[in-house]
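Participant: Single-letter residue listing:
There are 2 protein chains.
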Amino acid sequence: MIEHPRIANGWFRELSDDHFPGQALMLKVEEVLHHSKSEFQDILLFKSAEYGNVLVLDGIIQCTERDEFAYQEMISHVPLYSHKNPKKILVIGGGDGGVIREVVKHSCVESVTLVEIDRTVIELSEKYLPKMSSAFNHPKVDVKLCDGFKFLKETAGLNSVEKYDVIITDSSDPDGPAEAFFQKEYFQLIFNALKKDGIMIAQASENIWLDLNYLKNLMKTSRSIFKNTQYCYTMVPTYTSGQLGLIVCSKDETIDITVPQRKPDIKEQGLLRYYNPDIHSASFVLPTWANTIINVE
Amino acid sequence: MIEHPRIANGWFRELSDDHFPGQALMLKVEEVLHHSKSEFQDILLFKSAEYGNVLVLDGIIQCTERDEFAYQEMISHVPLYSHKNPKKILVIGGGDGGVIREVVKHSCVESVTLVEIDRTVIELSEKYLPKMSSAFNHPKVDVKLCDGFKFLKETAGLNSVEKYDVIITDSSDPDGPAEAFFQKEYFQLIFNALKKDGIMIAQASENIWLDLNYLKNLMKTSRSIFKNTQYCYTMVPTYTSGQLGLIVCSKDETIDITVPQRKPDIKEQGLLRYYNPDIHSASFVLPTWANTIINVE
Numbered sequence: 001m002i003e004h005p006r007i008a009n010g011w012f013r014e015l016s017d018d019h020f021p022g023q024a025l026m027l028k029v030e031e032v033l034h035h036s037k038s039e040f041q042d043i044l045l046f047k048s049a050e051y052g053n054v055l056v057l058d059g060i061i062q063c064t065e066r067d068e069f070a071y072q073e074m075i076s077h078v079p080l081y082s083h084k085n086p087k088k089i090l091v092i093g094g095g096d097g098g099v100i101r102e103v104v105k106h107s108c109v110e111s112v113t114l115v116e117i118d119r120t121v122i123e124l125s126e127k128y129l130p131k132m133s134s135a136f137n138h139p140k141v142d143v144k145l146c147d148g149f150k151f152l153k154e155t156a157g158l159n160s161v162e163k164y165d166v167i168i169t170d171s172s173d174p175d176g177p178a179e180a181f182f183q184k185e186y187f188q189l190i191f192n193a194l195k196k197d198g199i200m201i202a203q204a205s206e207n208i209w210l211d212l213n214y215l216k217n218l219m220k221t222s223r224s225i226f227k228n229t230q231y232c233y234t235m236v237p238t239y240t241s242g243q244l245g246l247i248v249c250s251k252d253e254t255i256d257i258t259v260p261q262r263k264p265d266i267k268e269q270g271l272l273r274y275y276n277p278d279i280h281s282a283s284f285v286l287p288t289w290a291n292t293i294i295n296v297e
Numbered sequence: 001m002i003e004h005p006r007i008a009n010g011w012f013r014e015l016s017d018d019h020f021p022g023q024a025l026m027l028k029v030e031e032v033l034h035h036s037k038s039e040f041q042d043i044l045l046f047k048s049a050e051y052g053n054v055l056v057l058d059g060i061i062q063c064t065e066r067d068e069f070a071y072q073e074m075i076s077h078v079p080l081y082s083h084k085n086p087k088k089i090l091v092i093g094g095g096d097g098g099v100i101r102e103v104v105k106h107s108c109v110e111s112v113t114l115v116e117i118d119r120t121v122i123e124l125s126e127k128y129l130p131k132m133s134s135a136f137n138h139p140k141v142d143v144k145l146c147d148g149f150k151f152l153k154e155t156a157g158l159n160s161v162e163k164y165d166v167i168i169t170d171s172s173d174p175d176g177p178a179e180a181f182f183q184k185e186y187f188q189l190i191f192n193a194l195k196k197d198g199i200m201i202a203q204a205s206e207n208i209w210l211d212l213n214y215l216k217n218l219m220k221t222s223r224s225i226f227k228n229t230q231y232c233y234t235m236v237p238t239y240t241s242g243q244l245g246l247i248v249c250s251k252d253e254t255i256d257i258t259v260p261q262r263k264p265d266i267k268e269q270g271l272l273r274y275y276n277p278d279i280h281s282a283s284f285v286l287p288t289w290a291n292t293i294i295n296v297e
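Quick note, the sequences are listed as chains A and B, same order. At position 57 of the first sequence (counting the first as 1) the number is 57 in the UniProt record's numbering, and the numbers step up by one without a gap. At position 64 of the second sequence (counting the first as 1) the number is 64 in the UniProt record's numbering, and the numbers step up by one without a gap.
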């Protein structure tokens, strides 16, 4: 059996959140499928008893076959349905392929560029997560193997003609290669790379039950670039505390991103398992104490 | 140090859900405060590293000092604000005192009867969970030490004058002494004990990520008595998958329980940390796949 420091007695135990070390999730392991260290990170894939195949980067669960749609659908469809007519989409990270699979469900989308730093993640997803990685060869999809921060700086800069309608940052947490994605300079690069009615979304790496102060500061960082910054969440049972925060921003301050600007057409609706227009708006509604810290103070 | 079969190497590991044994939550233990077997159940109290004191019954986390308000507020205020003028309230279970603490925040409430089977839970909560058990001596509160099922059958029956505006079932899961609270006969007893505009709520013991089929059947059982049965949820990080389902029913079929009938007054509002009118409605909004199974099929 392939060994991994987080697996013992047939159970995987997630590395606790640095900001919140007193809790941990365990998943029962049926078979370890792969373990290696790529140029960028520690990569583990295992078959779990209840959640299908699981992808783990640097000790943190990234996705499982059973619940991945809750994350992929919300990080894709909240910004895409907040835009009236999104045609040109940029995805930073997302090497498992789940986000681009969701993006190409929109018939209005004309092109999707995926920028992933780690080729190994794409290759392993194609092997072990076939339902997530199904869109890599889609005719509208273009894959760039490079650092997302550098890509934005060099290719999609202030004077570039490469401007996007929606930019989705589907990164891992800030402790690994994704650290730069949580800094002010990155929000500025995204701002510059968006069209004037563009929308961006990024995973917040925390939720209201973990480090709320970190989240508050991240929102402040975002608001220093995008005045129209909102927080929503998606419920994913294999993420710490069962939920993950998402930061959604609109370059145009007059757009209310908590309300969908379009509804799924019949064809799109048939392809969606989690997202619907009601949950779009409900996902921005927070308990009073968290709302006060994130949005009022 | 006091021993408990679920604690090893300084970590508490929750007994996995019978319906879903492949995942488990762990909490770091600072000190075991109490372990005993009462007449009814195994009772553990420990001080955790991040969640304050934790109450565990039969191996399942019931509440922690850090996140208990998410459960107590939603199971109390969703039914109470769904009622225009609730005066007479019955709480079945809830021996930790958290629900009655919330109920007496409503100035319109005139009396609260708490029916708890296990005296030990009340005594231990008064000792180790002082912020939850603060309302036991409130002048509007009456505590009955008996089985809730029997109480309803004998005291609050069909021809009794003891009818309630709101009945809250704050029980443990159906595998222990609370088993009867998940049966059709119990829903009928509650129906009989409610006034004609009465509202009831009960914890569903599952959520949409666990045994959705069990939840669907529980909803069917409830709908065979209360045609107006709805599902909502609250987000509690120390419950499995980070959320818990609640079944809410109105005896009057014309009332829309997904919309508050009253809003918190200024005094009440200052006492609430989780509940607000927006989250009341948002908590009934489900992802498409779960909504289809619970509410459409």
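Read the hints as simulated data drawn from the structure, not as lab findings. Some hints here could point you the wrong way.
[What the hints assert, rightly or not] Computed footprint of chain B on chain A; a stretch qualifies when at least three of its residues, placed anywhere within it, have a C-beta under 8 Å from a C-beta of chain B:
#, segment
1, 24-37
2, 49-60
3, 121-131
4, 273-279
These figures come from a predicted structure and were not determined experimentally. Even for Gly, the Cβ is constructed at its ideal location relative to N, Cα and C.
Participant: Compare the structure with each hint and give your call.
Facilitator: Each hint tested on the structure:
1. 24-37: Coverage by chain B holds here, the residue count being 5 at a Cβ distance below 8 Å.
2. 49-60: Three-residue rule met by the segment 49-60 of chain A, so holds; n is 3.
3. 121-131: violated (count 0)
4. 273-279: holds (count 6)
Hint violations for this structure: number 3 only, all remaining hints satisfied.
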